[in-house]
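Colleague: Chain by chain, the residues run as shown.
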Amino acid sequence: MTSSQGGAAADAGLDAGDGCVLEAQQLKKRFGGLVAVQDCSLSLRSHRVTGLIGPNGAGKSTVLDLLSGVERQDDGHVLLRGESIDRMSTHARARRGLIRTFQDPRVWPYLTTLENVLVVGDAKSGYSGWAAILRHRRATARQAANIQRAVDVLSAVELEHMRDRRARELSGGQARLLAFARLAMANPEVVLLDEPLAGVNPILADRLLELIRGMAERGAAVLLVEHNMEAIERVCDSVFVMSEGRVIGTGTWEELRQSEAVVEAYLGTGARV
Amino acid sequence: MTYAISVLTLGGITVILAMGLNVQYGWAGDLNLSYYAYVALGAYVCGVMMLPPPNASEGNFYVLGLHQSFFVGTIVAVAVCAVVGLVVGSIALRRVTGDYFAIVTLSVTLIFYTFSDQYAPLFNGPQGIYGVPHAFGGVLRFSYSGYNLFLLGLVAAVLVVVVFLFEVLYRSAFGRTLRAVRDDPISVSAFGISPYRRKLAAYVLGSAVGGLGGVLLLQYVSAFSPAGWSPLETFLLFSGIIVGGVGSVWGVLFGASVVLIGVPQAVLFIPAPAGAATFLPALQNCIIGLIILVFLYLRPRGLFPERSPVLGFDGALKWQSRPVRFVVGRVRTLLGEGAA
Ligand SMILES: Nc1ncnc2c1ncn2[C@@H]1O[C@H](COP(=O)(O)OP(=O)(O)OP(=O)(O)O)[C@@H](O)[C@H]1O
Ligand SMILES: [Mg+2]
Numbered sequence: 001m002t003s004s005q006g007g008a009a010a011d012a013g014l015d016a017g018d019g020c021v022l023e024a025q026q027l028k029k030r031f032g033g034l035v036a037v038q039d040c041s042l043s044l045r046s047h048r049v050t051g052l053i054g055p056n057g058a059g060k061s062t063v064l065d066l067l068s069g070v071e072r073q074d075d076g077h078v079l080l081r082g083e084s085i086d087r088m089s090t091h092a093r094a095r096r097g098l099i100r101t102f103q104d105p106r107v108w109p110y111l112t113t114l115e116n117v118l119v120v121g122d123a124k125s126g127y128s129g130w131a132a133i134l135r136h137r138r139a140t141a142r143q144a145a146n147i148q149r150a151v152d153v154l155s156a157v158e159l160e161h162m163r164d165r166r167a168r169e170l171s172g173g174q175a176r177l178l179a180f181a182r183l184a185m186a187n188p189e190v191v192l193l194d195e196p197l198a199g200v201n202p203i204l205a206d207r208l209l210e211l212i213r214g215m216a217e218r219g220a221a222v223l224l225v226e227h228n229m230e231a232i233e234r235v236c237d238s239v240f241v242m243s244e245g246r247v248i249g250t251g252t253w254e255e256l257r258q259s260e261a262v263v264e265a266y267l268g269t270g271a272r273v
Numbered sequence: 001m002t003y004a005i006s007v008l009t010l011g012g013i014t015v016i017l018a019m020g021l022n023v024q025y026g027w028a029g030d031l032n033l034s035y036y037a038y039v040a041l042g043a044y045v046c047g048v049m050m051l052p053p054p055n056a057s058e059g060n061f062y063v064l065g066l067h068q069s070f071f072v073g074t075i076v077a078v079a080v081c082a083v084v085g086l087v088v089g090s091i092a093l094r095r096v097t098g099d100y101f102a103i104v105t106l107s108v109t110l111i112f113y114t115f116s117d118q119y120a121p122l123f124n125g126p127q128g129i130y131g132v133p134h135a136f137g138g139v140l141r142f143s144y145s146g147y148n149l150f151l152l153g154l155v156a157a158v159l160v161v162v163v164f165l166f167e168v169l170y171r172s173a174f175g176r177t178l179r180a181v182r183d184d185p186i187s188v189s190a191f192g193i194s195p196y197r198r199k200l201a202a203y204v205l206g207s208a209v210g211g212l213g214g215v216l217l218l219q220y221v222s223a224f225s226p227a228g229w230s231p232l233e234t235f236l237l238f239s240g241i242i243v244g245g246v247g248s249v250w251g252v253l254f255g256a257s258v259v260l261i262g263v264p265q266a267v268l269f270i271p272a273p274a275g276a277a278t279f280l281p282a283l284q285n286c287i288i289g290l291i292i293l294v295f296l297y298l299r300p301r302g303l304f305p306e307r308s309p310v311l312g313f314d315g316a317l318k319w320q321s322r323p324v325r326f327v328v329g330r331v332r333t334l335l336g337e338g339a340a
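Quick note, the sequences are listed as chains R and V, same order.
If you're matching positions, the first sequence starts at 1 in my numbering and goes up one per residue.
If you're matching positions, the second sequence starts at 1 in my numbering and goes up one per residue.
With the rest of the complex left out, here is chain V:
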């Protein structure tokens, strides 16, 4: 039970992360390799907001240490990620596109990673931050397992909000324009839309969601250190997007769940050779890499390719997407046709 809760919590966080990356990659078409830097930044910032001032005699150093609540920490962390995203995006997206953008973002990650690892006064260097207080620990006095359940609920709630929000955005003029920008930015600008501003908005939105995911990740492990993540983490998220369907909210929800929760669990059934602790994680990454290759070759637009909402004359949206049709159908049956 505890194990299942833990798997689902981590899985839910990973799916939230994939959602944010999908806005940048799937909607705006920007291959952002720095995504995980925002996840880490969100985690670090929330951590140093919540922790008490560092205890130098124990060899701990980090900025801030304001002993704030989880709520304040989250808001600050998400805001910092959004602002950093705005600054980086407004530099990187203005001129560089395509492969160059990807390379610039990769450099950003490497710089941030090196800094967080080597420059101890920032986030305690290689040791990282640890012992982060539980979310709402002061108000809700949970037992250990009670807290885990609470965290799962929190992650699920955030996931629902993110999916709902992105679904609305996807169907809105914003989502539609963004997908047009992805397909051909120059012809979009010929109709009076600045592709740069739209891409920047997507970049900031994705960064903020990445930071939010980072905050949840921090709560899940109650610590964050350079050993716990690498710039390559972003690639795992890409696998969820590619399998599910680039750009598709429901596809990514599904793909990220299957690949990023399912595969790591399935791998555990494979007997590892004794004494090879790194065997299973390595195998897992190989399998995910293989899945990406197979999908790119056989089904590049994923299992649930991005759908276009079918628009009725009254402006009401009839949604074509299979998962939605399925759920809506079930709900209608439950309520009786009249109510629906």
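Chain R on its own, in the form it takes in the complex:
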């Protein structure tokens, strides 16, 4: 396997291993006869944006499903801050700060844009069916705080003017921005992004990249799946390359460009900028 160790080693030197927040060990996932992910190990560090690239069908989204618990691996382990979360449900993982987006934006179509973001705030403040009735005033006050934050988050992605429109009325790109806004509202410690820039106009894409960097700077560990190599080059500290379910290389972007296997498997196929 041609993998460049330079970047990873430099990182290890910096963090002495402690910065590793999320770790996947030899994950394997098969769908019937098809092995979608195989022998896949990767790790995410706080304060770092890690890229995950690879051709269509390489297994990137499946890795995100395994990390977030949407799918269960057939083999291997997922560790969050050194603890195994293999048996943990998606929502339990999310409550520990691991939040993902989906390749489809998966917004809630019959909720308004603002409500889509508010639900995420509600999730953080806990169960509130009783509170709404028994402690109405307090619930309303908390809601007011949530709304203020939700509106801020929406203006950060320039969706504020759509706040009272149902999410199903948003364009494809706007829906993706909303998905990003929900993620930002969750203020996660571990962020898994599945092609957040697809369909987003270049100026806003720049803004999103800044926001992603900002999350990392505030201490989050970010995994970014993206086909836009320019974006990967700009924000990622290190990159994993997948092909046919396997990690075939890792290192900084510059190192990977020099790796023949990587170029052959992916960059040579026209995705190069």
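In short, the hints are calculated from the structure, not lab data.
Computed from a predicted model, the values in this text were never measured in an experiment.
Where hints are given, some of them may not hold.
[Stated by the list, open to error] A few chain V residues that don't get close to chain R, going by computed Cβ distances all over 10 Å:
id : residue
1  : Phe-115
2  : Pro-195
3  : Ala-277
4  : Phe-279
5  : Gly-289
[Claimed, not checked] Chain V is faced by these chain R residues, among others (derived, beta-carbon under 8 Å):
id : residue
6  : Ser-68
7  : Met-88
8  : Ser-89
9  : Arg-95
10 : Trp-108
11 : Pro-109
12 : Leu-111
13 : Leu-118
14 : Val-120
15 : Asp-122
16 : Ala-198
17 : Asn-201
18 : Pro-202
For every residue, glycine included, the Cβ atom is placed at its ideal position computed from N, Cα and C.
Put chain V with the ligands on the given structure of chain R with help from the hints.
Modeller: Frame of chain R; chain V with the ligands shown alone:
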């Protein structure tokens, strides 16, 4: 007059029932075909709580027969429905979703229906329970018509409380999350909410309201037997929800009133062929079925589609819904703008 009171009482009960079902179907997105089983369970349990011990020499059998007050009977009935809902829901909702959930719930109804019909020691079999004492009969000694008026008032009061409660819940984080769960449970779980627990809460809440409606229904007919209901009764409630607006509290209030009170009354104006006693009920069901089809085709989200509250920066809710705007407007005019 007596007739109008009777129609309104039954109508009010039916609207309460539709409200409860709307929480499960409209908010949580669970096609619950067992809803009427909870209505029946509520009625039966309240009945056997209120009735004296069964008189075996008259061929009556049922469990309990504790001769309790209506108040105690209602609390026990609603609690039993909630607990049964919790048990059934925690089994059915954990793994099965969508069509499978609907099929599981249909089986639950059929099992309960068969049991209540065939297993006499439970609720007196096909004869059912009858002669249930009037609510608060010991305290308030009403005449027959006075009692009917009282019952209408009771139903109206319960309806107001249920509508108010559901309105608050709908706008709360609970209602909002539930609607998100309905739209896409997996992406909800990705933000740290267990869709299962939310759905279960909705299922239990709906079951409890169904049981409460059953209690009122029992008071209305003062009897309950398998001949008086069928598992298909749930479909009539669905028609009210679909016409009014799936998920919308005010829509369902309106839709259920129109379809479930209006249609049966309108049908009475149609001359029935002599000697065909089942003609009108059959016609009524055909018309309701037709209404469902027309609405699903032309206006699937109902007359008053579920609205999202417009939220101001201060967290105050400005309500968009037309009926509410209408009522609030009227009240403001009455009080004078300054007071409002
Ligand atoms: N639920 C599923 N059932 C069956 N096969 C699946 C399922 N999900 C993914 N696969 C298969 O697993 C392989 C990897 O898919 P995955 O979605 O992870 O690719 P990807 O790297 O995200 O691709 P893209 O860049 O196109 O999004 C594909 O061959 C796909 O057909
Ligand atoms: Mg993918």
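Colleague: Once the shortest beta carbon distance from Leu-118 (chain R) to chain V is found, is it less than 8 Å?
Modeller: holds, 6 Å
Colleague: Using 8 Å as the Cβ threshold, decide whether Asn-201 (chain R) counts as touching chain V.
Modeller: The hint is violated - Asn-201 (chain R) has no Cβ within 8 Å of chain V, the shortest such distance being about 24 Å.
Colleague: Leu-111 (chain R) was flagged as interface toward chain V. Is the shortest Cβ-Cβ separation under 8 Å?
Modeller: holds, 6 Å
Colleague: Closest CB-CB distance from Phe-115 (chain V) to chain R, is it above 10 Å?
Modeller: holds, 32 Å
Colleague: Determine whether the non-interface label on Phe-279 (chain V) survives the test: each CB of chain R must be over 10 Å from its CB.
Modeller: holds, 41 Å
Colleague: Does the no-contact call for Gly-289 (chain V) survive, Cβ to all of chain R over 10 Å?
Modeller: Given that every Cβ of chain R is farther than 10 Å from that of Gly-289 (chain V), nearest at about 26 Å, it holds.
Colleague: Determine whether the non-interface label on Ala-277 (chain V) survives the test: each CB of chain R must be over 10 Å from its CB.
Modeller: Check passes; 44 Å lies beyond 10 Å.
Colleague: So, Pro-202 (chain R) near chain V? Judge it on the closest CB pair being under 8 Å.
Modeller: violated, 27 Å
Colleague: Go through the hint on Met-88 (chain R) and say holds or violated, using the shortest Cβ distance to chain V against 8 Å.
Modeller: Violated. Min distance 11 Å.
Colleague: Is the hint on Pro-109 (chain R) kept, meaning its closest Cβ partner in chain V is under 8 Å away?
Modeller: holds, 6 Å
Colleague: May I ask you to check that Pro-195 (chain V) keeps its beta-carbon over 10 Å from the closest beta-carbon of chain R?
Modeller: Given a closest Cβ separation of 8 Å, the condition is violated.
Colleague: So, as I understand it, the hint says Ala-198 (chain R) touches chain V; can you test that by seeing if any CB pair is closer than 8 Å?
Modeller: Result: violated, 17 Å to nearest chain V Cβ.
Comparing the model with each numbered hint stated earlier shows that hints 2, 7, 16, 17, 18 do not hold.
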